[in-house]
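**Student:** One-letter residues, chain by chain:
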Amino acid sequence: MDIIHDSRLEFHNPDERTLDIVLAADWHLRDGIVAIEYVEQQLSAYPGITTIRIRENRITHWDTSLPVFITRLLAFCDKTGLALETSGLPDGVQKLLNMARSIPAATLTSRTNAAQGFFEQIGNMTLLMAHGMPQTMRFIGEIIMSFVRLATGKAQFRPGDLLLLIQQVGPNALPIVSLVSFLVGLILAYMGAAQLERVGVQIYITDLVSIGMVREIGALMTGIIMAGRTGAAFAAELGTMQVNEEIDAYKTLGISTVDFLVMPRILALVMMIPLLTLYAGLVGTLAGMVIGITVFDITLFEYWQQTLRALELKQFWVGIFKGTVYGIVIAVSGCLRGIQCGRSAQAVGEATTSAVVTSIVYIVLTASAMTIVFYKLDI
Amino acid sequence: MLAASATQYMEKAGAHITVSDLTMAYGDFVIQRDLNFTVNHGDIFIIMGGSGCGKTTLLKNLIGLKIPSKGDVWFDNINFWKSPEQQQEEIKRRFGVLFQGGALWSSLTLAENVGLPLEEYTDLGPAEIREVVSFKLALVGLAGYEEFYPSEMSGGMRKRGSLARAIALDPEILFFDEPSAGLDPPSSRRMDELILEIRDSLKTTIVVVTHELDSILRIGNNSVFLDAETRTMIASGDPKQLRESSPEPGVRDFLGGHARE
Ligand SMILES: Nc1ncnc2c1ncn2[C@@H]1O[C@H](COP(=O)(O)OP(=O)(O)OP(=O)(O)O)[C@@H](O)[C@H]1O
Ligand SMILES: [Mg+2]
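Protein chains in written order, with the working numbering: chain U, 1 to 379; chain L, 1 to 261.
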């Protein structure tokens, strides 16, 4: 059998029962850890060895790779019943080894973070949903109680926080809401006009754009923007507070986190989103007007008159009502996911994602429900 | 041929880190000015001073996280902040840092936390990394906790876990920010022993921020004392000597020089 060598180990056989290992050269972690196979080879070449001795060393540099190798050797000798004498190890190595052994390893019921199987995942998700539902209901209940306390003047929160939130939720969202609703109004006008022009009634793009924007699309667009912008921010803020134990700090003080953190956020969004919805509808209508006048040769006066005829007050109320419902959905989802957040950076990411997804799902659900109800009620 | 164990290293002597005329500030708010001190190879160098005097800030200036507003930091004979970025990265790779808050990566298990530097900067295979990680965790008394996530560990365990991460690559210089804060007295003594052991066996230069008096006197052989009021250093040298004979009563007091004798 060929014997392979590593420059870091030299072997001697002073007698047939003893194997002396001389450690030599540089031991660097980056060169890897010396394999135990070198020792095994020696042992199989000289059966009858009962003792391994590390008597001396000619090491010029060592780091962790040496104690780790000795740990390997110790385990190997344990397993094979060989005696190991380590008097020749550098002092430091001996001390580090003693240090590492001085506290026994914790014997914990085997913890493995094995990847979950497909069915296990489905099972866990089902359990999570089953447990999540009551939790969600309780959270909504707490929010309602908190608003009752607010109405009776007993809620504990800082008005300054509310003002800051209102600023973040409302005015700071204007640029993105303007941009999106202007573009959507523009697209709506173009698409509508292209069809209506064929029958020569392009004046009716006025109705299409103004009613569409004010009643439906303004609210929907605002809802989706706010879900991505504000719902995500709520979840990330509360989630990070959860990670930093700030939520625990409120709890130990006896301050209701729902009063102090959640209710102001919901209030801010519910106060601001009707205004944003209204604004989005008007910007969209304006975009339609620009296109109608510049591209489809409708005069400003005509367009203005037609818009006034088309837009009844109830369109505004429907739009604002829808927007407000979306606002509640977004704020509740964002805060719920934030409060439920786990205690790691990853959990904050998951909470944020989940907040946006939940908001959008419920926006779509409530939008459909409201459309059907309004249709039946002939509003 | 080198003789056996006695000279397993060519021991380097002399300055390892040199700080000259260092002034550090957040914006216009000066934290400390005109710091001058030298950390020698194999020193356990203590940065001490009252809470909020700028110890952590100084550490951040030393490890390349924060640019000093004035002055230089030298490693051996390289001027850190005047070197090209490439070289700064190389120097930083020779550091191990234990942050005040632990700063374990929360999405990784303890073993992955300690193993990541090994994965990134060595060619060791997964099995070898596991062995090295287990050894490091055993050193800090956390053997058996490999699969725990930081969120499942106590504050003190996290601290020890991040110590294991700091020493994963056997760095040339270790920076510890309050290594024994939050540990029980035996664990804290063990932390001190480990620090001494690492220095003695691996010849690591160690810079420690701490205000644990026992620790300072037990492990430190050189130090600098930062004063919050005057915003500069008011003493430097061996803490045991400063305790007896510093001209500054504040320093003697801090080190328990009056109360004990
Ligand atoms: N990011 C920052 N921006 C502005 N000022 C800061 C910042 N971080 C710290 N400071 C200020 O710098 C000063 C020093 O802070 P530093 O964290 O360095 O103190 P320290 O000596 O480590 O205190 P401790 O012992 O409590 O950890 C403090 O006055 C603090 O207010
Ligand atoms: Mg600090």
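Rather than coming from a laboratory, the hints here were simulated on the basis of the structure. Errors might be hidden in some of the hints.
[What the hints assert, rightly or not] Below, in silico cross-link-like pairs of lysine to any residue (SDA-like), each with a Cα-Cα straight-line distance of 20 Å or less:
no., chain 1, residue 1, chain 2, residue 2
1, U, K95, L, D200
2, U, K376, L, G42
3, U, K79, L, L202
4, L, K203, U, M99
5, U, K95, L, A127
6, L, K203, U, K79
7, U, K95, L, E131
8, L, K240, L, D214
9, U, K95, L, P84
10, U, K79, L, E131
11, L, K203, U, A25
12, U, K95, L, R189
13, L, K203, U, D207
14, U, K95, L, E193
15, L, K92, U, T60
16, L, K92, U, R30
17, U, K95, L, R199
18, L, K203, U, D91
19, L, K240, L, E229
20, U, K95, L, G101
21, U, K154, L, S187
22, L, K66, L, G42
23, U, K95, L, G42
24, L, K66, L, G101
25, L, K203, U, T60
26, L, K203, U, R58
27, L, K92, U, H28
28, U, K95, L, K66
29, U, K314, U, D207
30, U, K95, L, P186
31, U, K95, L, E197
32, U, K95, L, R218
[Unchecked claim] Some chain L residues judged to face chain U by a derived CB distance under 7 Å, without partners named:
no., residue
33, E89
34, Q100
35, G101
36, V132
37, L139
None of the values given here were measured: they were computed from a predicted structure. All residues carry an ideal CB built from backbone N, CA and C; glycine is no exception.
**Student:** Each of the hints needs a verdict: does it hold here or not?
**Tutor:** Verification of the supplied hints:
For the proposed pair K95/U and D200/L, the alpha carbon gap of about 10 Å is at most 20 Å, so the pair holds. For the given pair, K376/U sits about 84 Å from G42/L by alpha-carbon distance, which is inconsistent with the 20 Å threshold. With a C-alpha separation of about 30 Å, the suggested pair K79/U and L202/L falls outside the 20 Å cut-off, and the hint is violated. Of the pairs offered as hints, the one joining K203/L and M99/U holds, with about 17 Å between alpha carbons and a cut-off of 20 Å not exceeded.
The suggested pairing of K95/U with A127/L is violated, with an alpha-carbon distance near 24 Å, which exceeds 20 Å. Between the alpha carbons of K203/L and K79/U the distance comes to roughly 33 Å, so the proposed pair goes past 20 Å and is violated. Distance restraint check for K95/U and E131/L: the Cα-Cα separation of roughly 18 Å lies within the 20 Å cut-off, and the hinted pair is therefore satisfied. With a C-alpha separation of about 11 Å, the suggested pair K240/L and D214/L falls inside the 20 Å cut-off, and the hint holds.
Annotation: proposed proximity of K95/U to P84/L is violated, straight-line Cα distance about 40 Å (limit 20 Å). With a C-alpha separation of about 17 Å, the suggested pairing of K79/U with E131/L holds against the 20 Å cut-off. Restraint check: the Cα-Cα separation between K203/L and A25/U comes to about 18 Å, which is no more than 20 Å; the hinted pair holds. Between K95/U and R189/L the alpha-carbon distance is near 16 Å, which keeps this suggested pair within the 20 Å criterion.
Annotation: proposed proximity of K203/L to D207/U is violated, straight-line Cα distance about 82 Å (limit 20 Å). Using a Cα cut-off of 20 Å, the hinted pair K95/U and E193/L holds, with the two alpha carbons roughly 10 Å apart. For a cut-off of 20 Å, the pair hint linking K92/L to T60/U is broken: about 25 Å separates their Cα positions. At roughly 17 Å between alpha-carbon atoms, K92/L and R30/U fall within 20 Å of each other, so this suggested pair holds.
With a CA separation close to 12 Å, the supplied pair K95/U and R199/L stays within the 20 Å bound. Proposed proximity of K203/L and D91/U is supported: the alpha carbons are some 13 Å apart, at most 20 Å. With a CA separation close to 23 Å, the supplied pair K240/L and E229/L exceeds the 20 Å bound. Taking the CA atoms of K95/U and G101/L, the gap is about 29 Å. The hint is violated against a cut of 20 Å.
Annotation: proposed proximity of K154/U to S187/L is violated, straight-line Cα distance about 47 Å (limit 20 Å). Note on K66/L and G42/L: the hinted pairing is violated, with a Cα-Cα distance of about 25 Å set against a maximum of 20 Å. Distance check on the hinted pair: K95/U and G42/L sit about 17 Å apart at the alpha-carbon level, within 20 Å; holds. Proposed proximity of K66/L and G101/L is supported: the alpha carbons are some 17 Å apart, at most 20 Å.
Annotation: proposed proximity of K203/L to T60/U holds, straight-line Cα distance about 13 Å (limit 20 Å). A C-alpha spacing of about 18 Å is found between K203/L and R58/U, which places the hinted pair at or below 20 Å, so the restraint holds. For the hint linking K92/L to H28/U, the alpha-carbon distance of about 19 Å falls within 20 Å, and the restraint holds. Proposed proximity of K95/U and K66/L is contradicted: the alpha carbons are some 36 Å apart, above 20 Å.
Of the supplied pair hints, the one linking K314/U and D207/U holds, its CA atoms being roughly 14 Å apart against a limit of 20 Å. Our distance criterion of 20 Å between C-alpha atoms is met by K95/U and P186/L, whose separation comes to about 18 Å. Of the pairs offered as hints, the one joining K95/U and E197/L holds, with about 7 Å between alpha carbons and a cut-off of 20 Å not exceeded. A threshold of 20 Å between alpha carbons decides the hint, and for K95/U with R218/L the separation of about 18 Å falls inside it, so the pair holds.
A distance limit of 7 Å between C-beta atoms decides the matter here; for E89/L the minimum to chain U is near 17 Å, and the interface restraint is violated. Annotation: interface hint on Q100/L violated; nearest CB of chain U at approximately 14 Å, more than 7 Å. Interface restraint check for G101/L: the shortest CB-CB distance to chain U comes to about 10 Å, outside 7 Å, so the restraint is violated. The interface hint given for V132/L holds, since its Cβ lies 5 Å from the closest Cβ of chain U, which is under the 7 Å cut-off.
Hint status for L139/L: holds, given a least beta-carbon distance of 5 Å to chain U, under 7 Å.
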